[in-house]
Amino acid sequence: MDNINKPSEPTEPSALEVQISAQDVYFQYDSTDGTPPKEVLHGISMEIRKGEFVALLGHNGSGKSTMAKHMNAILLPSGGKVYVGGMNTADDDLLTDIRRTVGMVFQNPDNQLVATIVEEDVAFGPENLGIPSPEIRQLVDDALKAVGMYEYRRHAPHKLSGGQKQRVAIAGIIAMRPKCIVFDEPTAMLDPRGRQEVMETIDKLKNELGITVVLITHYMDEAARADRVIVIDDGKLLIEGTPREVFSQIALLREHHLDVPQATELAQYLRSMGYDIPEDVLTPEECARAIWAAKTSGQ
Amino acid sequence: MISDITIGQFMPGKSFIHKMDPRMKIIVMSAMIVFVFLAKNLMSMGLMTGFVFLSMLLTRVSPRMYFKGLKAIWFLVLFTAVLNMLYLRGDHVLFQWRFLTVTEEGLWQSGFIAMRLVLIIIISAMLTYTTSPTDLTAAIERLLSPLKLFRVPVHELAMMMTIALRFIPTLLEETEKIMNAQKARGADLESGGMLKRAKALIPILIPLFISAFRRAFELATAMDCRCYTGGKGRTRLNVLRYKFRDVFAFLLVAGLCAGIIYLNTLAPALVR
Amino acid sequence: MALIETHDLRFVYGKGTPFEKVALQGANLAINEGEFIGVIGHTGSGKSTLVQLLNGLLKPESGQILLNGKNIWEKPKKIRDIRFQVGLVFQYPEYQLFEETVYRDIAFGPMNKGIKGKDELDRIVRTAAEFAGLKESLLEKSPFDLSGGEKRRAAIAGVIAMEPKVLILDEPTAGLDPRGRDKILSRIKEYRKKTGSTVLLVSHSMEDIARVADRVLVMNHGNVEMFDTTENIFKQGQHLAEIGLKVPQVTQVFLELKKLGADVGTDVYTMDYAKNAALQYLRGSRTEGGEAQ
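Chains as they are written, first to last, in this note's numbering: chain A, 1 to 299; chain B, 1 to 272; chain C, 1 to 293.
Among the clues, some could well be false.
As the list claims (entries may be wrong) - Partner residues are not named here, just some residues of chain A that face chain C (Cβ under 10 Å, in silico):
(1) 58
(2) 60
(3) 291
Stated by the list, open to error - Derived Cβ-Cβ restraints for the label pairs, each shown as a range:
(4) C:73 / A:96: 54 to 62 Å
(5) C:236 / B:197: 49 to 57 Å
(6) A:29 / B:79: 57 to 65 Å
(7) A:96 / C:91: 31 to 39 Å
(8) C:91 / B:205: 15 to 23 Å
(9) B:229 / C:236: 49 to 57 Å
(10) C:91 / A:203: 47 to 55 Å
(11) A:234 / C:79: 31 to 39 Å
Just so you know, the hints here were simulated from the structure itself, not pulled from any lab data. Built from N, CA and C at the ideal position, the CB exists for glycine as well.
Okay, chain A solo, but in the shape it has when bound (with noise of 0.2 Å):
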C-alpha cells in the first residue's frame, strides 16, 4: 500500500500520512419513480490522517453515512474523487484492495454475520482474500482475542448479546488486517453495556494495532473520545477540530440540531456568567474540577 499514487493537487509532505482523502466529492441517488435525482453530498472534502480517530457527526440525513460509503468504495462519487491510501475508488482493479485497507462496521450487528459460528465468521473475509488455512487460523485467533471474544469462537453468533455480535463483527474486519475502519454507528443499536464494550474495542484497535478509525455516530461523549470531530450538515462540512475546539460551539451545533455533552454547556453557561471557567471542558470530571477551582480560588 505503500506506493501512493498520489493525487496532484495536495503537495505538502504530511500528504504521505494521508489515509483516506476526499476531493470535493459530489453524491446523488438515483431516483426509482422519475424524480429529479436527489444530491446528497454537495462538494465535500475531507481528510483522514494515518493512525487518527475522527469522529463524524451530522443528523439523521445530513450525509455522514453516505460519505462513509465512500471510504471503500462502496459508493463512487458523482463529482469529485476518492483516495485510499493513494488508489482512486472509482479504479474497478483496485476495488479488492481497496476494501482491504478499509474495512467497515455497520449500525446492525445481526446483519453483517455471515456464518453460524463465531470463527467460521471472523473467517470469511481471509477466506474471500484467498489467503491459505494455517494463516487463516492465525488471523482469525489474533481478531478474535483482539476484540475478547476467543473464548466465544464456538459458539453461535445468534445466541450473543449485542455488544458481543458487534464485537465479532469488528473481529471479522480486522481479520483482513485493515490500515482503517469505518464504523458506521455501531453502538446505535445497543444497550449502555454494549455500547461500552465497543467504545472500549474501538479504543484498542486505535491505540493498540494502531488501526486508523472513522467513528460516525450520535452519542457526545463517544465523539469527544475523538483526535477530531468532523460535522456535516446538509451534505457539505460545517465545522471540523478538535472535540474541545467543536463542542465548544454550542450555539452552532445547536442550530443544526447537535447535542453537545452536558459537561461542556454547564461549564459554558457558568462561563458566560462571568465565572473564570475554561470553555472547553469534556467531561464531568473536568467540569467539575473546574467549577471546584473556580470557587476555591474565588474566596
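Based on these hints, arrange chains B and C on the given structure of chain A.
Relative to chain A, chains B and C alone:
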C-alpha cells in the same frame, strides 16, 4: 413448540464421530440408511440395531436427546406400523375381528418397518447432532463439486444454505416480535375461520418480508465490504482432509454391510 | 386506588426446559392514574418482561396484575380488551408498519377494537397523528416512504389511536439522532399533558428519563430495586452506578464535586437544575433540592 424439535440441532462435542470428516460422515451415514433396508431377518436386524446404538453411544450425546427427537415423530412410527399390521395379509392369522385381521407376517413386517424408521431417525440425528451446519454445508459443497462440470452453481447454493441456516433463528425471533407487536394493537390471531386467520397473517407477513429484504440488502453490502466475489479463489479456514479415523469408519461400515448380507443368508427373511 | 397494581408478579421463560430463566421474581408496585413513570434497568433486568405482563401479552407464572382493581386474567378470553386499555409500543415499532398508507396503518388498532363509524375512525386517526406530530400530508403516503423518525412516530400513533388509558413505550428513542429523540419525547410529554393518560417510558437513557418522568422505577435482576420520585432516585447516583446504570452527565458533575469536598446536593438531574445549583454553589449559598425546572 418450535424449540421442541431437536433433530437438526448441533451439539458440540469431541467424540470420535464429532471429529470425523463431515464428508465421510455423510457417505457413511447415507450408506447406513441404505443398509437398514438390507436387514431382512432378526439376526441381520440385530446387528444393524446394535451397530446404530453403539455409534449413538459413541457420539457422547445424551441418549435423552435422541429420544426427544423420536418423541416428535413417535406418532408417525406408530401409525405406519399399525397400518402395515392391519393391511398386510399372511397365512398365519393371529387375530380377527370384523374386517380387521392381524397375521404373523403382518406383525413382523410392521415391527421391522417401525424399527427401520427409528433407526433412520437416529442415524440422521447422529449426523446433525455431531456436525455443525457449517461443516455440513462445506461437506455437501465438496461432495457435489463434480456437478460444477455441468454448470451447477454448487458454491452459490452452499452459500445460500449457510446464510439460510444463519438467519433462521434471527427470523424466527423477529416473527415472534412482530406477532407480539400486532397483538398489542389488538390483532386477533387465534380465533375465526380459515379465511379470517389467513387474513390475520398479513400484518405479520408484510413486515417480515420487508425486514428480510432489508437484512438481505445490508448483508450483501457487508459481504461486499469483506471482499466476497463468489466462490472463485476462495480458501477455507477448515480444510477437509480424510484421516485414519475416516478410513477406519469406512471399513467398519463396509464390514457392517458384509455382515448384514451374510446374516441374511443364515435365516429366512421376515420382511419383504 | 391505584390504576395498576401488581402483587408478587413472577415470570419464568422456557419453563421446564434446560433454558429456564426467571425474568421477574415477585414484583410489587402501584401506579396511579396520570403518572409519568420512567422505567430503567439494564438488559435482562426484567423491565421488558414487566411491560409485556402489564398488557397481557405474557401470562404471569404467579401473582396478579390489577387494572382498576380488577385482575386482568380473570377472564382469559377477554385479554384482548386489556391490550386496548394498556397500549404498548415495542422497541423499533416502525418494523410493525404494514398498511398501504399511514392513515390505514394508524386505523389498524382502532378497527381491531371495533370502531366502525367512519367519522369516529377519522377523528381518532387524525388526533393520534397530530399527537405524534405527523403532518396531514403524510397520512396518505406509504409508511415505507417516510423518514426513520416519521416511521417511528407513525407506529406510535398506531398505538395512541387505540385511546389506551395507559401508554407504555419501550425505548421509543433508540437509534434516533438527537433531533428525532427530542421530537418524540416532546410529543409524548404533550400527549400526556393533553389527555392526562398514564405513561410508562422504558429507556436506557437516564437523560431522557430525567427530562420527563415524575417517578422512576429501577429494575435489577428481576426485582424492583427502587421506585421513587425522580429526584430521590437520582440522589442515589452511587447506588445506580453500583447496579451498572449510568446517571446523567450533570449528575456526574455534582457527584464529582461532592467527592472533591464541595458542599452540594447530588439530586441534580436536569440541565436547568444543574445551572441553578452550580450558580448557587459558586455564589456561596448551599444548594438545596428546591425547584427543578
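Supplied contact hint for residue 60 (chain A), tested at 10 Å Cβ to chain C | holds, 5 Å
Do residue 236 (chain C) and residue 197 (chain B) keep their Cβ atoms within the hinted range of 49 to 57 Å?
-> holds, 50 Å
Against chain C, with CB atoms and a cut of 10 Å, does the hint on residue 58 (chain A) hold up?
-> With a minimum Cβ separation of about 8 Å from chain C (threshold 10 Å), the hint on residue 58 (chain A) holds.
Using the Cβ atoms, figure out if residue 73 (chain C) sits within 54 to 62 Å of residue 96 (chain A).
-> holds, 60 Å
Pairwise beta carbon distance, residue 91 (chain C) to residue 203 (chain A), judged against the given window 47 to 55 Å = Violated: the Cβ-Cβ distance is about 28 Å, outside 47 to 55 Å.
Between residue 91 (chain C) and residue 205 (chain B), does the C-beta distance stay in 15 to 23 Å?
-> holds, 21 Å
Verdict for residue 229 (chain B), residue 236 (chain C) (Cβ pair) under range 49 to 57 Å | holds, 56 Å
Agreement of hint residue 291 (chain A) with chain C interface, Cβ distance less than 10 Å = holds, 6 Å
Measuring from beta carbon to beta carbon, are residue 29 (chain A) and residue 79 (chain B) in 57 to 65 Å?
-> holds, 58 Å
For the range 31 to 39 Å, tell me whether the beta carbons of residue 96 (chain A) and residue 91 (chain C) fit it or not.
-> Holds - the Cβ-Cβ distance for residue 96 (chain A) and residue 91 (chain C), about 38 Å, lies within 31 to 39 Å.
Could you tell me whether the CB distance from residue 234 (chain A) to residue 79 (chain C) stays inside 31 to 39 Å?
-> violated, 49 Å
In the structure shown, a violation is registered for the earlier hints numbered 10 and 11, in ascending order.
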